[in-house]
Amino acid sequence: MSAAHDHHHGPAKGLSRWLYTTNHKDIGSLYLWFSFAMFLLGGTFALVIRAELFQPGLQFVEPNFFNQMTTMHGLVMVFGAVMPAFVGLANWMIPLMIGAPDMALPRMNNWSFWILPFAFALMVSTMFMEGGGPNFGWTFYAPLSTTYAPPSTTFFIFAVHIMGASSIMGSINVIATILNMRAPGMTLMKMPLFVWTWLITAYLLIAVMPVLAGVVTMMLFDIHFGTSFFNAAGGGDPVLFQHLFWFFGHPEVYIMILPAFGVVSAIIPTFARKRLFGYDSMVYATASIAFLSFIVWAHHMFTVGMPLAGQLFFMYATMLIAVPTGVKVFNWVATMFRGAMTFETPMLFAIAFVVLFTMGGFTGVMLAITPVDFQYHDTYFVVAHFHYVLVPGAVFSIMAATYYWLPKWTGYMYDETLGKLHFWLSFIGVNLLFFPQHFLGLAGMPRRIPDYALQFANFNWISSVGGFLFGFSQLILLFVVIKCVKGGKKATDQVWEGAQGLEWTVPSPAPYHTFETPPDPKLIHAQ
Amino acid sequence: MASGSSQSAYYVPEQTKFPFFASIGLVLTVFGLGNVLNDIAAGNSVTTSTWIAIIGFLILSTILFNWFATVIRENHAGMNSDQLKRSYVWGMMWFIFSEVMFFAAFFGALFYVRQLSLPWLGGEGAKGIAGDVLWPEFQAAWPLLANPDSSVFANPHEGLNVKEWSVSFMSGYLPFWNTVILITSSVTLHYAHVALKAENRARLIQWMVVTVALGLIFLVLQVLEYREAYGHYGITLNSGIYGSTFFLLTGFHGFHVTLGTFMLIVMLLRCMKGHFKPDDHFGFEAAAWYWHFVDVVWVGLFIFVYCL
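Protein chains in written order, with this note's numbering: chain A, 1 to 527; chain B, 1001 to 1308.
For the record, the hints were derived by calculation from the structure and aren't laboratory data.
Take these hints with a grain of salt, some might be off.
In the DSS-like style, the derived pairs of lysine-lysine whose C-alpha atoms are separated by at most 30 Å in a straight line are [said to hold, decoys possible]:
hint, chain 1, residue 1, chain 2, residue 2
1, B, Lys1017, A, Lys486
2, B, Lys1085, A, Lys190
3, A, Lys522, A, Lys13
4, A, Lys522, B, Lys1085
5, B, Lys1127, B, Lys1197
6, B, Lys1277, A, Lys13
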């Protein structure tokens, strides 16, 4: 096959373009659309929960179905919405940012994506099976998920297996791309932080997804082959499940936030019209957070009991995470300090990220304190904490990224008025939704229960109103994106006045193939 | 031939039908397997679900075969630049790292049970109180021959020294001989690699045959050991945590040896077809790395599962 033939094929026509594509931009779009669909599905599950909790008593759903909703909401949002969204952004942006012609392994890239819809079809279908779907929470603690689990758990396990395979292949691709495909002159310490954070995220994924595969495999054996890993009657230990799960689970939460750091580190300098403050320290802070993520898992399970030395170790190690995270927050604020700031939609989301994610971080430090955690554990305080880091944290960063790069993807500017409307409704909605949950938790309301005592009623209805406001506001995002894909004001190549980086040197919309020849090294600047 | 390491020569394949249909094959396989397991648990007929799994697996394996064949064909046609080949190298290295972490989960479980939770269950240490309340009679031991509740998980047969198992039907300590076999196979594989680089095709094939044979012998011995464990010692998947960890660790290792042997057989057939050049044989090297990895895992197993 000649090189010339290689160079000039555009997108194929019709459905086959999307089924058979090897193009990183197509696959990135597939991931992002899939993620948005899952975001709406998981959001619907959340609204079922908030509708039920609008007032005390059982209104709409059976307790068992409520449990399925909390479980599926968590699983769909974590594995279906947030992670694929970041993989979609990685697919679109990493080759553009490092001056590569595509991802390193384009066919495997397609496979990584196409496993996902099938895996989620399998997982969601469990809700229609005899005995109902998984009802043991997204953390699926044994023995709830083994001895007392519905039969559909078998399919849940296999769904986790294949989506784990998808994640591992996707991560291998990201690492191979970053390590092997950088344009000449793109040294590691010149890479945009989004690339850096994804390099480290991909490493985390390859390290911990196999552990998740291992733990669900042990569940499968306990359920079907009579082993006793999580059954003390045979000499096993249910707590072993929690250790293995959280060895995966804690790095997993950083997998969902490190790329967000990368996004925000790209957006804030653009709209502050200053270089990112402390680039090197950002890289080292990201690596430190990743390292620490492996040695803090047991802070999720202080109340289960462990030797005092263990409690102390995990408490201090967890509090240590505040240091590199603080470095990052400081750097973002310092980047904005005395900048010529403007507040377009991506910047609004990015600033909201810095403020609200930091709040989620502070409640994390509170939860890290072992004796205090004994009080907070399994209350709405924990729910408020991790939703603050995940929704106005990870999800806001994904929205910021969408608005930021949408003109580069579509060639048109999005509707700024609608974008700002979307931001403000989301911002108000998300705070109404989650801020009162801090108080509910401190007052002792347990999570994952469909009914509650009367004194929790006020904060709960406020939270539910916020939930519906936030949820329905997301339809604005859908509308803005569709409108932008269809047309609008033409975007320039540069798009944003203060934007730096290789992705802004290619036309808008980015051609189907970019950087088939490496970019001029003069275009590559230190960050 | 695409030349050198210039970026413009990076081969981005056009559309491919492999992954989409491989996904269908994969999901059918696991859907069928899940149904088989649930049918067995519910006492239903497994015929339909078995067929779903078989059809899914046939689709998946046919596609993977063609996928690999296409990649090999493209390489022979000179479409792969040095840079693309480096992508494969990175890909295989990180895949092996993921496998390391998969086994790390099982080793972690073993260490946790032996060092922490089992002594606690026996009433010792920081959480020993739980053991005192649950099963006051229970004594922690490794290998665990008396389970906390033997009415739920039957004990292995009494009166046998598990530490010396496999001695009964052949002379010597079987896990030791399996260790010797696997380490030897890594050495013979290395000689095969040396022969490949020296362009000595006959010797390459000889060493590959020896390596594959050693892999197969290992697997046969493992099967004999499992039969001995089940039949003679009463150590089964159902016999408590000792059997659980033993079979999961050695079983997944055996599964990886099976896969590794299969890869080596494919490489042997490719050697016989005249594939691979002294400076271009990454398929061979990938299989070899995988085999060495499986070997290293076995050394870990030998130390922590059998010896200690």
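Taking the hints in turn, this is what the structure says about them:
{"no.": "1", "hint": "B:Lys1017 - A:Lys486", "in the structure": "29 Å, holds"}
{"no.": "2", "hint": "B:Lys1085 - A:Lys190", "in the structure": "25 Å, holds"}
{"no.": "3", "hint": "A:Lys522 - A:Lys13", "in the structure": "37 Å, violated"}
{"no.": "4", "hint": "A:Lys522 - B:Lys1085", "in the structure": "27 Å, holds"}
{"no.": "5", "hint": "B:Lys1127 - B:Lys1197", "in the structure": "58 Å, violated"}
{"no.": "6", "hint": "B:Lys1277 - A:Lys13", "in the structure": "40 Å, violated"}
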